[in-house]
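Student: Line by line, the protein sequences are chains A and B. Add 462 to a position in the first sequence, counting from 1, and you land on the number used in this note's numbering. Add 152 to a position in the second sequence, counting from 1, and you land on the number used in this note's numbering.
Hints listed in this document are in silico derivations from the structure and should not be mistaken for laboratory results. Watch out, some of these pointers could steer you wrong.
[As the list claims (entries may be wrong)] As a list, the in silico PhoX-like pairs of lysine-lysine whose alpha-carbon atoms are at most 20 Å apart:
hint, chain 1, residue 1, chain 2, residue 2
1, A, LYS528, A, LYS586
2, A, LYS750, A, LYS586
3, A, LYS548, B, LYS322
4, A, LYS750, A, LYS584
5, A, LYS740, B, LYS322
6, B, LYS252, A, LYS750
7, A, LYS702, A, LYS572
8, A, LYS528, A, LYS702
9, A, LYS617, A, LYS586
10, B, LYS252, A, LYS740
11, A, LYS561, A, LYS740
12, A, LYS548, A, LYS533
13, A, LYS584, A, LYS674
14, A, LYS626, A, LYS572
15, B, LYS252, A, LYS752
16, A, LYS561, A, LYS702
17, A, LYS528, A, LYS674
18, B, LYS297, A, LYS740
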Amino acid sequence: MLIKRGNDIPSSEITPEHIYVHRRAFLRAAAAAGIAVALREAFPESLRAQDRWPQGKRGPYDTDEKPNTYKEITTYNNFYEFGTDKGDPAKNSSLFKTKPWTVRIEGELKRPATYALEDLLKGKTIEDRIYRFRCVEGWSMVIPWRGFQLSELIKQVEPTSRAKYIAFETVYRPEEMMGQRRPYLTWPYVEGLRMDEAMHPLTLLVTGLYGKDLPNQNGAPLRLIVPWKYGFKGIKSIVKIRFVEKEPPTTWNLATPDEYGFYSNVNPDVDHPRWSQKTERRIGEFLKRKTLMFNGYAEQVAHLYAGMDLRKYF
Amino acid sequence: MTRGNRIRYVYKPFVALLALLPLSLLIWNFLHHNLSVNPLDDITDETGTWTLRFLILTLAMTPFRHLTGWTTVVLFRRMFGLFAFFYGTLHLFTYLYLDKFFEWADIVEDIGKRPFITAGMTAFLLMFPLAATSFDRMIRWMGGKRWKMLHRLAYGAGIAGVIHYLWLVKADTSRPLTYGAILLFLFGVRIYVFLKPRLVRRSPYPSKEIPTS
């Protein structure tokens, strides 16, 4: 007679003796790990990075104003590729893939090439810069960016003498960027600078903020920051840089030419046709501040526009 | 309880509480830091949006009655209209205070210079006489016909409100255009209801001259 025996308990289900013996310690350790996870959730690394952030001005280009919080910077911004509300980028950008990332550099230069982002960053002087940021909508922040001077890259790739302007292009991935599925702007987003603006030491290619990698919603993995211009000039998630002879088209200018010019320098004396640019609300403050000429960078950049009628070239 | 009393003491207070819900939520979220990091902007946006929603709801009551034959809804029209005015007043106040800090010279310049502010102010000014003449005694005093004529200004307020919204958005006009489309539909119903009896009364067959021999 065959007596069917149940299968033995598989060895994988037997608690190893060393854990069995130390089961109380094991449980304590598990509980501690749970608490650690909970703490990490409650105080994300980003917040701790913000707390560790040294106060005050360190370099010649820094402002000594108090930076906005990590939360303020990463939950309230415009990135129309992820929706038109200022909370949308943080909500809708989590599935955006920034690895691998390549940047095509082409146009009027000696050696056009496609660079992996890691290679592009090689040898660059990465530094932290605390800049004022002024949105064309009338709000502002102070942001500790991390990045390198665009001038470094320009010198490296050696543009020809015909290169008078530099044009940038954002990645086009409607499957990951839901905003790009709707035509309220022409996609992909494009921006541009005059060569002297691009070469200015204040002009940064940004890879991070608060000393950490740029979050998707703020334009990861590579964006432009030109602190004396309205925020929308700071094109995000850049995949193409092109050296050109003529002033390149820019997205907001294409959308509404009488409201957004190529230069878009912060200027309290030239109103947006639909609202005043005289004042701004610094995020976190109740009363409004007076907007400063060139966003407070007049001393460094005013000479770039000497003799230009800033009402005409707004 | 009679039907009239039920409406007066149960349904109307209940609907009024519902109508205060957006404001309550806004205050709750403000106090609990659930708004964005620019809460003053959120307050302006929310009160403005609810003004337009209540205005459209008010304008929808009569067409809704025409389409469904359900007459009770019209009893809530005045309440919705007053809530539109209520949210509109809050919205105007956020602009005067949180945006302009009662700098009157600045405000006057703004109203003249910025079309979307002009449109918004127009919408408010059109609502004002309606709210001021909304009680029963006033209707009797003015006479139903004149009162009704005056209260057609509500359409104007709706149109001005949609234009105000349309002119202030930067690129994505889908939301203001949706409100505009609803408004257009409501006008369409009213025009249809107005024209229908006039069209039906006319005989569909043109009378033929019978030749006499």
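Student: State for each hint whether it applies.
Tutor: Hints, verified against the model:
1. LYS528(A) x LYS586(A): Violated, because 27 Å separates the two Cα atoms, which is more than 20 Å.
2. LYS750(A) x LYS586(A): 38 Å, violated
3. LYS548(A) x LYS322(B): Roughly 13 Å separates the two Cα atoms, so the pair holds.
4. LYS750(A) x LYS584(A): 42 Å, violated
5. LYS740(A) x LYS322(B): Measuring from Cα to Cα gives roughly 19 Å; hence the hint holds.
6. LYS252(B) x LYS750(A): 9 Å, holds
7. LYS702(A) x LYS572(A): 16 Å, holds
8. LYS528(A) x LYS702(A): Given pair LYS528(A), LYS702(A) is violated - Cα atoms ~34 Å apart, limit 20 Å.
9. LYS617(A) x LYS586(A): 11 Å, holds
10. LYS252(B) x LYS740(A): OK: LYS252(B) and LYS740(A) at ~12 Å, within 20 Å.
11. LYS561(A) x LYS740(A): 41 Å, violated
12. LYS548(A) x LYS533(A): Roughly 13 Å separates the two Cα atoms, so the pair holds.
13. LYS584(A) x LYS674(A): 17 Å, holds
14. LYS626(A) x LYS572(A): Cα-Cα ~15 Å, so holds.
15. LYS252(B) x LYS752(A): Within the cut-off at roughly 13 Å; holds.
16. LYS561(A) x LYS702(A): 16 Å, holds
17. LYS528(A) x LYS674(A): 18 Å, holds
18. LYS297(B) x LYS740(A): Violated, at about 48 Å.
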